[in-house]
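Protein chains: 6
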Amino acid sequence: MRFDDTYSGKVFIKSHPNYEESKAVIYGMPMDWTVSFRPGSRFGPAKIREVSIGLEEYSPYLDRDLDDVKFFDAGDIPLPFGNAEQSLEIINNYIHQLLKDDKIPVGLGGEHLVSLPVMKAVAEKYDDLAVIHMDAHTDLREHYEGYEYSHSTPIRKIADVIGPKNVYSFGIRSGMKEEFDWAKENGMHISKFEVLEPLKKVLPTLDGRPVYITIDIDVLDPAHAPGTGTVDAGGITSRELLAAIHAIAASGVNVVGFDLVEVAPVYDHSDQTANTASKLIREMLLGWVR
Amino acid sequence: MRFDDTYSGKVFIKSHPNYEESKAVIYGMPMDWTVSFRPGSRFGPAKIREVSIGLEEYSPYLDRDLDDVKFFDAGDIPLPFGNAEQSLEIINNYIHQLLKDDKIPVGLGGEHLVSLPVMKAVAEKYDDLAVIHMDAHTDLREHYEGYEYSHSTPIRKIADVIGPKNVYSFGIRSGMKEEFDWAKENGMHISKFEVLEPLKKVLPTLDGRPVYITIDIDVLDPAHAPGTGTVDAGGITSRELLAAIHAIAASGVNVVGFDLVEVAPVYDHSDQTANTASKLIREMLLGWVR
Amino acid sequence: MRFDDTYSGKVFIKSHPNYEESKAVIYGMPMDWTVSFRPGSRFGPAKIREVSIGLEEYSPYLDRDLDDVKFFDAGDIPLPFGNAEQSLEIINNYIHQLLKDDKIPVGLGGEHLVSLPVMKAVAEKYDDLAVIHMDAHTDLREHYEGYEYSHSTPIRKIADVIGPKNVYSFGIRSGMKEEFDWAKENGMHISKFEVLEPLKKVLPTLDGRPVYITIDIDVLDPAHAPGTGTVDAGGITSRELLAAIHAIAASGVNVVGFDLVEVAPVYDHSDQTANTASKLIREMLLGWVR
Amino acid sequence: MRFDDTYSGKVFIKSHPNYEESKAVIYGMPMDWTVSFRPGSRFGPAKIREVSIGLEEYSPYLDRDLDDVKFFDAGDIPLPFGNAEQSLEIINNYIHQLLKDDKIPVGLGGEHLVSLPVMKAVAEKYDDLAVIHMDAHTDLREHYEGYEYSHSTPIRKIADVIGPKNVYSFGIRSGMKEEFDWAKENGMHISKFEVLEPLKKVLPTLDGRPVYITIDIDVLDPAHAPGTGTVDAGGITSRELLAAIHAIAASGVNVVGFDLVEVAPVYDHSDQTANTASKLIREMLLGWVR
Amino acid sequence: MRFDDTYSGKVFIKSHPNYEESKAVIYGMPMDWTVSFRPGSRFGPAKIREVSIGLEEYSPYLDRDLDDVKFFDAGDIPLPFGNAEQSLEIINNYIHQLLKDDKIPVGLGGEHLVSLPVMKAVAEKYDDLAVIHMDAHTDLREHYEGYEYSHSTPIRKIADVIGPKNVYSFGIRSGMKEEFDWAKENGMHISKFEVLEPLKKVLPTLDGRPVYITIDIDVLDPAHAPGTGTVDAGGITSRELLAAIHAIAASGVNVVGFDLVEVAPVYDHSDQTANTASKLIREMLLGWVR
Amino acid sequence: MRFDDTYSGKVFIKSHPNYEESKAVIYGMPMDWTVSFRPGSRFGPAKIREVSIGLEEYSPYLDRDLDDVKFFDAGDIPLPFGNAEQSLEIINNYIHQLLKDDKIPVGLGGEHLVSLPVMKAVAEKYDDLAVIHMDAHTDLREHYEGYEYSHSTPIRKIADVIGPKNVYSFGIRSGMKEEFDWAKENGMHISKFEVLEPLKKVLPTLDGRPVYITIDIDVLDPAHAPGTGTVDAGGITSRELLAAIHAIAASGVNVVGFDLVEVAPVYDHSDQTANTASKLIREMLLGWVR
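Residue numbers (my numbering), protein chains in the order written: chain V, 230 to 519; chain P, 230 to 519; chain C, 230 to 519; chain F, 230 to 519; chain Y, 230 to 519; chain G, 230 to 519.
Honestly, the hints are just simulated from the structure, not real lab data. Be a bit skeptical, because a hint or two may be false.
Said to hold, decoys possible - Some chain Y residues near chain G, calculated using beta-carbon distances under 10 Å:
1. GLU250
2. LYS252
3. TYR256
4. ALA275
5. GLU279
6. HIS498
To be verified - Okay, derived cross-link-like pairs now, BS3-like style, lysine-lysine, Cα gap no bigger than 25 Å in a straight line:
7. V:LYS406 / G:LYS243
8. P:LYS299 / Y:LYS406
9. F:LYS413 / F:LYS430
For every residue, glycine included, the Cβ atom is placed at its ideal position computed from N, Cα and C.
Isolated chain V, as found in the complex (with noise of 0.2 Å):
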């Protein structure tokens, strides 16, 4: 006597009914506590499965449809309110369980802080881990205010443990210029403003590589996401996303895990920016989930 949730917006349009026999594994983070501006982003997870009842199952840019692939929607994990330090543990041991039980982590956010220890987990399973990161920010501090854990440090974080010549960055508009300087005396790859081009010079140099993905929603310009905490001009349309996400696709790169963050509601009335984020999950899931 209960509908069919596949349609209802209750879990991301065409997940799987199985944990187990899934390969990906969708999950909310629902965390925006240490956020500096305008938070909300704890509803973006539920906002964009809300919205993927709109649709449609096939892709004809990848000529692939949902149902070539098995991945699960688990839900949003719990947090504890305003505790950063145990939310981000919470979340660091989920991700331990699902890489044990072999799934691919496919993260919604939440701030970007929540990809720390998703990243950190992936990090301990794969080696020679690589790190491709989309977003207007640096996200490059050591810290925030005295504060190791924010939201304008998880990447610098990963760069610590993974080393910086394994992190590649992407869009970027936005930091300081002691952000920039480490960066560049570190090795680290910072591309300013672009994303597409950038990114297919990169790609040939990951070839066969593991590879996490973390894209903040600000990579886009404002107009193609004013639905999240930081808006900042001058971002890409959510075509060269599009299109930077079916370079990846169509690379040798083994995409291990992904995620897309700081999807925040409530200020986007015409749910814009949900409904972007929602199409670029498919996206993902039908072109880099094999």
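Start from chain V and add chains P, C, F, Y and G according to the hints.
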């Protein structure tokens, strides 16, 4: 590995996982295609569930907790877009099944026309059925621009089935002269503008009888329910509506089913209407399901 | 081949196609350039017309139908943007014409200053004119930052014309000490906070006299009228305002003109304010145009 | 005593007062009852007219002025809420009349299904009709959840009438695999993602032929048209769409009718979508009506 | 060359330029990181100041003008994002300084937890302190999902400090059964649903005592305060809250500090909530700071 | 005891506390009373400051930091509501003072007419002044509905002062035929639709000359700036506008003053427009103030 739905906003807070053991069943009727003014109530049921996680489970009004009532949330009934007749038939069939299983139907609308097939099914089961109707509008038209099944006709249609003398409308502040005249001539009860005081007078006369209760959220003043298709000034407060619910709970009537309709979230950016609706549903469950 | 305007939202619902045969004339005064806080009331008249199609034509309060009143909707008076003085002159000329044709002027604002040239024209026609004024604000300043014609001065200016003793303000909850003092010293009636009860006391004293009635929508509490330039807590409900309209209808005063001003749609995404305004206009037409 | 409608937002700016003398006729088709996701396009035509007063009458793109084109704005066709079949019939009858009077039909939607009865009527008049279709979606389903007449089927249905080889779709980025396959197998033209470049290649092949053009506003990226039922990332810019309109104007095709559909104002609080739609209509009138 | 701040919205209207000479000090506490539902109250204090320029300086309720009260607006206390414990410590230190300087603290929230360190500091200064608490929620949890410092615990924590018998809650309509039971067992005063009448009974018993007053804006009905984290139907009107403020002003209690919390502007596009909050602050300053 | 304003949103981020030591001065011109369509830009300057706290102080485009530029934020110039002439005079006087003190004026609008008194004052100081104008609209009317001072006339009026040959407009996509003709006949430069490429051609011809730059935010496409009075499809992206700013910074022109006008926050609930405006101001300060 799937996180608990009970506090996720995917089902009404504290709904029971098991249909068989439940006494009442919540279901959404996401239809809005016959409305003449502003559509959008198709998204009402989902939003009411989503915001229900903001509710406490305990009612200080009734000194009762949702743990004390077993109800199952079945999700939204899939309805064919733009086809009113078939939608009504699907709803009617579903309610027949619920009633056969001895469940109390608890409907979430959707436009008011969805109440008609529910009331018809309930009337088949209970010979002596009375209907309590709270609404800004009479909904007593015989047809609307030539169509018999419209959001303006459900109360007339059920009056035709159970007899106008068994229908009690409260809070009415909008309608055609012909509708008020028809009610008067046919012995139907209409309380204009007010709900609580006239209801208190009517309730003793319904003692022991099976009663179906249908509430259009626009019985509330627009100040209390801006998120609905037709906002009409001069309505009651949510306090008066809560008191009416409690008066029914304290009376001797036998509530055999109920619904709350016409919540249209897109017109209410604070989600005040859906939050109020979810609190009303909590009070109805706690007060009416015994 | 042009579809009927009567139900189109382009004119107030059920307005008469013919000026000559009409007793009352609705006109918009789309001016908001002297407001000190939030502009936007220039779009009030158009929105009130647009949403009027959601109204029933029949009033269950007055048992009267719009078919029983002949009124013509003339549209919005074209006014020169940013030029208050010339705008007031244009309005004044227009009202003189209406009065010469023996029409009852029914104005839609626009900021409150637009009422001044209307009242001046009406005062020239009716020697013994009284003004009933419902508002959150005194509007009794002699000038505002040096300017005589401002949204803060219209009631003072008309009091200067017809004498303060002939002005009756209700529902006032905001003003400078000097304004309240001036009113007191000059024998002008001000009822603070309340409308209905003091109005009922005043009405018998105005029996048979010609009365112009000007209502600022912000006499309503912000809960009932969020869509206005200055929202000020502690106002009356739309029920009380409806009752005040009906009390005037039942009294012996001779309503020779009236207006409803300060509806600013952009601050109210549910259009609750404009819907309420259009219902108030319906009740005023049905109750006051005899 | 009625103020001029030409600049009032009640009719499209500079529309001609006289049907007989006009070459083109604008009409609204306020229907949205078969949409599967977000309703609201029933209010599209009225909003497009309302904001048209913000337009200049002159096009610096085409060096032509609205004074140079005689078009009549007939208002919205009254349609029965929730009854798709009868609505389509009413539209079809109306268009037959327009065509009999040798007018060029210029439709404002409403959901995309409203284009079907227009195209059918036009196809009866012009033997050799071709259809140019710009849209995010294929709209090529044979039926949608069992219903033949749905917002997902109009292009398929018109292809069945005039032959798939005479239908040219541009900008498509969403659909079922079956739809793309059907198009391919039946010789229908589909340009995925792009509009301008492929259109420029197609236009010479249509030289001199009668062409009906139907544009779903969602061919634009959500950044350019957030106010529509289904927002789908990766669309074209309004600049590209303007350029496409101008390319058609400069070509040798004979535009015998056109429409713009799916503007749903409630999802766009800046009215950017309706403003863009009204500018597109101006360019189409200036470029296509000769 | 810098323009005057007094009417700029950068400080509360008419705040005094000089700390030393002021009797009361306004400060913002822009923290919202422990809320369980909707964040955003961090922007409350700035918005309350911004809209304060729409206020008159004179209160017709109290016949007193802001010129008669010397208060200083210190701006927002800089707080570390996502770190509740340290934030509370910073607030506590600041209040200790204010109290040492014999200022009356006037706090603007922020989530309700910010009141706790203020009340603790005040309780250290005044042995016989009583707390008056107006709120929709009990806020009496001992901990919330394991965390002692949460938006659900501040009243319990202060009750632990000053003794439950010295805490008086009004308007409560939401909480767990355990919270109500704890209050009852420990002699704490809770008035359910109502504020004004029970307050009038309590005030004489507090005659002459030092009292801290903490008001959660959600004690108001959502109709009167949609812009808050948790909207809960059935609250009081802003008229009743104004009357409660005036009742305290007229009583013999010695108000030694007060705050207004939980204004979250993003959920209220008409800024009705912030406007109401700024008027409430004006009345509190005029009525309570002697 | 007052908290630091530098990061408070009350002044533009990192503005210098001292007027005398500053090279440039930011001031708001909160006037919108002559706009013909949507008012609201009076709140633009305050919102631009408020959201500036979300900016980084460092520009990765220019490799320069706000610490490197001394600018003072003077707040908003108090202007008399609804009185255009006097407002212009007040602005003109203020700019004369700034120029006497050798400051570079940096204006925030407000409607575009506010640029006129600034440009007039600047033209008095610099004989050889050229004006660079980026806008969707020509603003070249000689008068607007009979009024010389209107938002539609400022560029014409300044052209009358400094000679049309010294005015360079870019990005224009809206105007009357007469305006384009006048520009052509009088040797004024107008680049239709495009900004960056034609600007690059013009800049070398202005080498060494004093240049005032006025930017109407609506030169951006509505996708990039929905929050403005007149949204007009087909504009440039914020990337192109940023590149234009950087091209000027890299050129040999001597920027002696500049402004950014027509930000109207109420039409943009994500504050994307104001955020973009504040980033543009940062880039202009860093690139143009040497």
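### Query
Taking 10 Å as the limit, does the beta-carbon of Y:TYR256 come near enough to a beta-carbon in chain G?
holds, 8 Å
### Query
Per the CB criterion, is Y:ALA275 less than 10 Å away from chain G?
Status holds, d = 6 Å.
### Query
Are the Cα positions of F:LYS413 and F:LYS430 separated by 25 Å at most?
Answer holds: F:LYS413 to F:LYS430 is near 18 Å, not above 25 Å.
### Message
V:LYS406 and G:LYS243 were given as a pair; does the straight-line alpha-carbon distance stay at or below 25 Å?
### Response
holds, 16 Å
### Task
With chain G as the partner, please determine if Y:GLU250 meets the hint condition of a C-beta pair closer than 10 Å.
violated, 12 Å
### Task
Against chain G, run the beta carbon of Y:LYS252 and see if the smallest gap drops under 10 Å.
Nearest chain G Cβ about 14 Å off; hint violated.
#### Entry: Pair hint outcome, P:LYS299 versus Y:LYS406 [Cα-Cα no greater than 25 Å]
holds, 18 Å
### Task
Would you check whether Y:GLU279 satisfies its interface hint, that is, whether its CB is within less than 10 Å of any CB in chain G?
Result: holds, 7 Å to nearest chain G Cβ.
### Task
Tell me if Y:HIS498 is really an interface residue toward chain G, meaning its C-beta lies closer than 10 Å to one of theirs.
holds, 7 Å
When held up to the earlier numbered hints, the structure conflicts with 1, 2 and fits the remainder.
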